[in-house]
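A.B. asks: This is what each chain is made of:
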Amino acid sequence: MILLTLFWEFFKTGLFSVGGGMATLPFLYRMSATQGWFTTEQLADMIAVSESTPGPIGVNMATYVGFTTAGIPGSIIATIGLVTPSVIVILIIARILEKFRTNKYVDSAFYGLRPCSVGLIAAAGLLVVKIALFTLDRYAETHVLLDALNLKAILLAVVLLVLTRGVKAVKKLHPIFFILASALVGILFKF
Amino acid sequence: MSKSRVNLLELFIAFAKVGVMTFGGGYAMIPILERELIDKRSWATNEELMDYYAVGQCTPGVIAVNTATFIGNKLAGTIGGIIATLGVIFPSVVIITVIAGILTNFAHIPAVKSAFAGIRVCVCVLIFNSVVKLFKSAVIDKAAFVIFLLVLVCSFFFGVSPVILVVISAVAGILLTNLGVRGK
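Chains as they are written, first to last, in our numbering: chain W, 3 to 193; chain H, -18 to 165.
I should point out that these hints are in silico values taken from the structure, not numbers from a laboratory. These figures come from a predicted structure and were not determined experimentally. Where a beta carbon is used, it is the ideal one built from N, C-alpha and C, also for glycine. Keep in mind that the hints are not guaranteed to be accurate.
[Stated by the list, open to error] Derived contacts from chain W toward chain H, CB cut-off under 8 angstroms, selection only:
no.	residue
1	L17
2	G38
3	D47
4	R116
5	C118
6	S119
7	I133
8	T166
9	G168
10	V169
11	A171
12	P177
13	K192
[What the hints assert, rightly or not] Computed beta-carbon distance windows for the label pairs:
no.	chain 1	residue 1	chain 2	residue 2	range
14	H	L(-10)	W	I74	44 to 52 angstroms
15	H	E28	W	T137	49 to 57 angstroms
16	W	T137	H	F87	21 to 29 angstroms
17	W	V169	H	L160	39 to 47 angstroms
18	H	F138	W	I156	16 to 24 angstroms
19	H	I145	W	L99	43 to 51 angstroms
20	H	G164	W	K101	20 to 28 angstroms
21	W	P75	H	V152	36 to 44 angstroms
22	W	L99	H	L(-10)	48 to 56 angstroms
23	W	F102	H	G161	18 to 26 angstroms
24	W	T104	H	V113	29 to 37 angstroms
25	W	Y141	H	D20	20 to 28 angstroms
26	W	L163	H	V75	15 to 23 angstroms
Input sequences plus hints: build the corresponding full structure.
C.D. replies: Written as structure tokens, this is what we have:
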């Protein structure tokens, strides 16, 4: 039964996520909230692993979520669920490729869909920020405003932002480099 | 051109190689597709690849999968589309399942917990960087910015389902274009 739900949830994700791997993120957060299969912390870890291993990020995340939810059958079913709508849609479009590309309704729908996709990814990013850079549960106990901030994490975030956006020599490096460096910093400074 | 000019096993293996070599998805896949499909096998032309890529970006789903389905379908019909897709997802399923299985057994170790707390900070920055990149190409005028902002607020603060937001935004795109708001 859980496999059927898993397939359906990922089918929906595949059908409604537009614009590549990261676009599946908001659907996964939604899944964590409505199905309770995994926590938002687990999801953040899955993103990191998906970015640091071969394969398209969207597919990697589906496999990981599927495995966490229902073991090996789950990883297969979730991934198949994710790609099924793509395969159906593409097989249809392949027959009318030229008409599809130049259709004015398709073009204007995408005018609205692209900013929507960015907005959804940004919202999913804020959920990661909430758990990675803030310690809201500690603030809830002490009510000291400074306790709401995870200062070590914020410092690391600032350093990473400067490195990935400002420093020419390092910003072209693969994300796996920054992920491994952050893991090391996490261990050394006991995050 | 005959529809079944490639053998299905070769198709599966070629796309499994693309899957293994694609790190991060999206644009990272272009040079690998060019090498595996155009240079080595002449299964497609550069123009075709760009067309598939453009359509892959504006159809639902993971872009790598969409491109694989397109090329598989062109080479060997519907079954080819399915085989190419299974090929591209095969390495992910194997690699991630192994890693997930290992990590589940080590997740309780304090050093692993600290490592992932550090990694989460990095994930924030990586997502921020991809949002900035996507924002530049997607938010091209004031109306698009309003859509971006409304979706962000509805999703983050009110937990509105992404399915609903996607459908409304597509309709809004059509309406705004027809009302002549687009581009202002």
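A.B. asks: What hints, given by number in increasing order, does this structure fail?
C.D. replies: 2, 9, 10, 11, 14, 19, 22, 25, 26
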